[in-house]
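J.: From first to last, the protein sequence lines are chains A and B.
For the first sequence, the residue numbers in the working numbering are 2 to 113.
For the second sequence, the residue numbers in the working numbering are 4 to 115.
Watch out, some of these pointers could steer you wrong.
Claimed, not checked - Restricting the straight-line Cα-Cα distance to at most 25 Å, the calculated cross-link-like pairs of lysine-lysine (BS3-like) are:
no.: 1; chain 1: B; residue 1: Lys-47; chain 2: A; residue 2: Lys-108
no.: 2; chain 1: A; residue 1: Lys-23; chain 2: A; residue 2: Lys-69
no.: 3; chain 1: B; residue 1: Lys-81; chain 2: B; residue 2: Lys-18
no.: 4; chain 1: B; residue 1: Lys-74; chain 2: A; residue 2: Lys-23
no.: 5; chain 1: A; residue 1: Lys-100; chain 2: A; residue 2: Lys-23
no.: 6; chain 1: A; residue 1: Lys-43; chain 2: B; residue 2: Lys-81
no.: 7; chain 1: B; residue 1: Lys-74; chain 2: A; residue 2: Lys-38
no.: 8; chain 1: A; residue 1: Lys-23; chain 2: B; residue 2: Lys-47
no.: 9; chain 1: A; residue 1: Lys-100; chain 2: B; residue 2: Lys-81
no.: 10; chain 1: A; residue 1: Lys-59; chain 2: A; residue 2: Lys-108
no.: 11; chain 1: B; residue 1: Lys-47; chain 2: A; residue 2: Lys-43
no.: 12; chain 1: B; residue 1: Lys-18; chain 2: B; residue 2: Lys-65
no.: 13; chain 1: A; residue 1: Lys-38; chain 2: B; residue 2: Lys-47
no.: 14; chain 1: A; residue 1: Lys-72; chain 2: B; residue 2: Lys-47
no.: 15; chain 1: A; residue 1: Lys-100; chain 2: B; residue 2: Lys-74
no.: 16; chain 1: A; residue 1: Lys-69; chain 2: B; residue 2: Lys-47
no.: 17; chain 1: A; residue 1: Lys-100; chain 2: B; residue 2: Lys-18
To be verified - Per the computed footprint, the stretches of chain B lying under chain A, defined by three or more beta-carbons under 8 Å from a beta-carbon of chain A, are:
no.: 18; segment: 51-61
no.: 19; segment: 106-114
Claimed, not checked - Cβ pair distances, simulated, as ranges:
no.: 20; chain 1: B; residue 1: Lys-86; chain 2: A; residue 2: Lys-59; range: 22 to 32 Å
no.: 21; chain 1: A; residue 1: Ser-10; chain 2: B; residue 2: Asp-77; range: 29 to 39 Å
no.: 22; chain 1: A; residue 1: Glu-80; chain 2: B; residue 2: Arg-12; range: 46 to 56 Å
no.: 23; chain 1: A; residue 1: Arg-52; chain 2: B; residue 2: Pro-11; range: 31 to 41 Å
no.: 24; chain 1: A; residue 1: Arg-62; chain 2: B; residue 2: Lys-86; range: 36 to 46 Å
I should point out that these hints are in silico values taken from the structure, not numbers from a laboratory.
All C-beta atoms, glycine included, are put in the ideal place defined by N, C-alpha and C.
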Amino acid sequence: GENVEQHPSTLSVQEGDSAVIKCTYSDSASNYFPWYKQELGKGPQLIIDIRSNVGEKKDQRIAVTLNKTAKHFSLHITETQPEDSAVYFCAATSGGYQKVTFGTGTKLQVIP
Amino acid sequence: EAGVAQSPRYKIIEKRQSVAFWCNPISGHATLYWYQQILGQGPKLLIQFQNNGVVDDSQLPKDRFSAERLKGVDSTLKIQPAKLEDSAVYLCASSHRNTEAFFGQGTRLTVV
Numbered sequence: 002g003e004n005v006e007q008h009p010s011t012l013s014v015q016e017g018d019s020a021v022i023k024c025t026y027s028d029s030a031s032n033y034f035p036w037y038k039q040e041l042g043k044g045p046q047l048i049i050d051i052r053s054n055v056g057e058k059k060d061q062r063i064a065v066t067l068n069k070t071a072k073h074f075s076l077h078i079t080e081t082q083p084e085d086s087a088v089y090f091c092a093a094t095s096g097g098y099q100k101v102t103f104g105t106g107t108k109l110q111v112i113p
Numbered sequence: 004e005a006g007v008a009q010s011p012r013y014k015i016i017e018k019r020q021s022v023a024f025w026c027n028p029i030s031g032h033a034t035l036y037w038y039q040q041i042l043g044q045g046p047k048l049l050i051q052f053q054n055n056g057v058v059d060d061s062q063l064p065k066d067r068f069s070a071e072r073l074k075g076v077d078s079t080l081k082i083q084p085a086k087l088e089d090s091a092v093y094l095c096a097s098s099h100r101n102t103e104a105f106f107g108q109g110t111r112l113t114v115v
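Working from the sequences, and respecting the hints, build out all of it.
T.: Printed below as a string of structure tokens:
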């Protein structure tokens with residue numbers, strides 16, 4: 002089955018700096034890669050996603066890149082703000098029924 | 004649109020007792036997922052339904068966990084008997100035709 006690895010597990014940045022979280026996946030058939038933000042006591046919420054036919058996608062301060070050959074994808078957050086502090090999960094989706102496999106999470110702390 | 008509803012939000016039981024969680028997905032979403040999220044880890048898929056049929060339950064501990072989705076809408080997840088290691092947040096999610104999964108707030112289970 003699919004295996005998703007995520008690094009780093011924790012990340013502290015100064016407000017205004019950029020943050021980068023990296024993930025690798027094992028199943029070359031995976032075709033959809035969502036990123037979720039989880040705040041304390043809440044369920045994960047989608048912040049951006051990318052499909053396998055696209056190399057990069059940007060939404061305001063958030064961008065995701067995908068390298069299908071190397072089977073890795075990354076989340077980039079620019080101009081970080083304290084409200085960006087949360088746990089971020091990458092995920093890979095594969096199979097006819099779109100099974101979603103999550104990474105282990107990155108706890109991002111933005112220091113004011 | 005209304006989100007994924009889960010109940011209860013919190014549950015404390017003694018080991019060897021039974022417990023049930025309820026999920027009402029977003030209207031029209033054919034796919035329903037149950038995830039187990041242990042503190043500090045990413046969500047782990049327990050079972051995935053497509054309408055009222057199971058498409059993946061490979062990581063469901065079937066000796067103690069069971070789930071059903073009657074009529075292809077609401078779903079219940081049951082644990083009987085519970086063990087200490089079942090303490091976790093149980094997340095329900097739903098999706099529509101290969102799009103993002105929307106998560107509920109989860110049920111935090113503590114087994115003592």
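J.: Take the hints in turn and mark each one as holding or not.
T.: The hints, checked one at a time:
Between Lys-47 (chain B) and Lys-108 (chain A), the direct Cα distance comes to roughly 18 Å. Compliance with the 25 Å bound is thereby established for this hinted pair. Distance restraint check for Lys-23 (chain A) and Lys-69 (chain A): the Cα-Cα separation of roughly 14 Å lies within the 25 Å cut-off, and the hinted pair is therefore satisfied. Restraint check for Lys-81 (chain B) and Lys-18 (chain B): satisfied, since their Cα atoms lie roughly 14 Å apart, inside the 25 Å limit. Taking the CA atoms of Lys-74 (chain B) and Lys-23 (chain A), the gap is near 40 Å; set against the 25 Å cutoff, the hint is violated.
Restraint check: the Cα-Cα separation between Lys-100 (chain A) and Lys-23 (chain A) comes to about 20 Å, which is no more than 25 Å; the hinted pair holds. A distance of roughly 21 Å separates the Cα atoms of Lys-43 (chain A) and Lys-81 (chain B); the hinted pair therefore holds under the 25 Å criterion. The hinted pair formed by Lys-74 (chain B) and Lys-38 (chain A) fails the criterion: a straight-line CA distance of about 31 Å is larger than 25 Å. With a C-alpha separation of about 19 Å, the suggested pairing of Lys-23 (chain A) with Lys-47 (chain B) holds against the 25 Å cut-off.
At most 25 Å may separate the alpha-carbon atoms for a hinted pair to count; Lys-100 (chain A) and Lys-81 (chain B) meet this at roughly 21 Å. Under the criterion of a C-alpha separation no larger than 25 Å, the hint pairing Lys-59 (chain A) with Lys-108 (chain A) is consistent with the structure, at around 21 Å. Restraint check: the Cα-Cα separation between Lys-47 (chain B) and Lys-43 (chain A) comes to about 16 Å, which is no more than 25 Å; the hinted pair holds. This hinted pair checks out: Lys-18 (chain B) and Lys-65 (chain B) have alpha carbons roughly 17 Å apart, not beyond 25 Å.
For a cut-off of 25 Å, the pair hint linking Lys-38 (chain A) to Lys-47 (chain B) stands: about 16 Å separates their Cα positions. A hinted pair counts as satisfied when its Cα atoms are at most 25 Å apart, and Lys-72 (chain A) with Lys-47 (chain B) qualifies at roughly 21 Å. Distance restraint check for Lys-100 (chain A) and Lys-74 (chain B): the Cα-Cα separation of roughly 21 Å lies within the 25 Å cut-off, and the hinted pair is therefore satisfied. For the proposed pair Lys-69 (chain A) and Lys-47 (chain B), the alpha carbon gap of about 24 Å is at most 25 Å, so the pair holds.
This hinted pair does not check out: Lys-100 (chain A) and Lys-18 (chain B) have alpha carbons roughly 31 Å apart, beyond 25 Å. A count of 5 residues in the segment 51-61 of chain B with a Cβ less than 8 Å from any Cβ of chain A is obtained; the coverage claim is therefore met, three being the minimum. Coverage of the segment 106-114 of chain B by chain A holds [criterion: at least 3 residues with CB-CB distance below 8 Å; count 4]. Look at Lys-86 (chain B) against Lys-59 (chain A): about 45 Å separates their beta carbons, and that is not inside 22 to 32 Å.
A hinted range of 29 to 39 Å holds for the C-beta pair Ser-10 (chain A) and Asp-77 (chain B), which are about 36 Å apart. In this structure the hint that Glu-80 (chain A) and Arg-12 (chain B) lie 46 to 56 Å apart at CB is violated, the actual value being about 34 Å. Distance hint check: the CB atoms of Arg-52 (chain A) and Pro-11 (chain B) are about 36 Å apart, consistent with the given range 31 to 41 Å. For the pair Arg-62 (chain A) and Lys-86 (chain B), the supplied restraint of 36 to 46 Å holds, since their beta-carbon distance comes to about 43 Å.
Hints 4, 7, 17, 20 and 22, counting from the list given before, are not met by this structure.
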